[in-house]
Amino acid sequence: MKRALQIALGLLAIIPGFFALSGLLFGAAPLGGEDLPAPVDNQLRYLSGVYLLVAFLAIRIIPRIEKEGATLTLIVAALFIGALGRLYSTLVVGDPLPQQIAGMALELGSPVLIIFQRMVAKQAGGQ
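According to the working numbering, the sequence shown is numbered sequentially starting from 1.
Read the hints as simulated data drawn from the structure, not as lab findings.
No experiment lies behind these values; they were computed from the predicted model shown.
For each residue, glycine too, the CB sits at the ideal point set by N, CA and C.
One or more hints might be untrue.
Ranges between beta-carbon positions, derived for each pair [claimed, not checked]:
id, residue 1, residue 2, range
1, Glu-34, Arg-64, 25 to 33 Å
2, Val-93, Leu-57, 25 to 33 Å
3, Ile-81, Ala-102, 25 to 33 Å
4, Asn-42, Ala-102, 37 to 45 Å
5, Tyr-46, Met-119, 14 to 22 Å
6, Pro-39, Ile-7, 36 to 44 Å
7, Arg-3, Tyr-46, 30 to 38 Å
8, Ile-15, Arg-45, 29 to 37 Å
9, Leu-24, Met-119, 29 to 37 Å
10, Ile-115, Ile-81, 12 to 20 Å
Take these sequences, add in the hints, and give me the full structure.
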């Protein structure tokens with residue numbers, strides 16, 4: 001069970017890592033926002049840096065996942081709160097791109113990782 005959680009977390013960390021790196025390097029252009037005002041591009045690149053940190057944190061806890069419940073909970077909280085922002089934007093502003101909908105679905109489902117981690121921790125006799 002631990003190995004399955006480690007693999008899942010590793011794969012899930014690659015996704016925000018890729019999009020965060022893309023946001024840092026290319027700004028809003030890949031999302032069709034070439035003509036956005038500079039402050040919007042600036043904010044997107046900043047938030048991409050924060051998102052990249054979340055991916056690095058997820059990767060960091062993989063080897064000792066059974067003992068990293070608190071860190072995983074914070075990572076999941078960040079993802080889930082971000083997903084609520086995406087959901088609000090979808091309801092108020094309109095439909096996002098398909099990859100953003102997929103990201104939102106993963107982020108809204110991320111609390112399952114906490115349940116999975118607690119099962120692994122219990123099995124290992126950890127936290």
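Check: Which hints, by number, does the structure contradict?
Finding: When the structure is compared with the hints, numbers 1, 3, 4, 5, 8 turn out to be violated.
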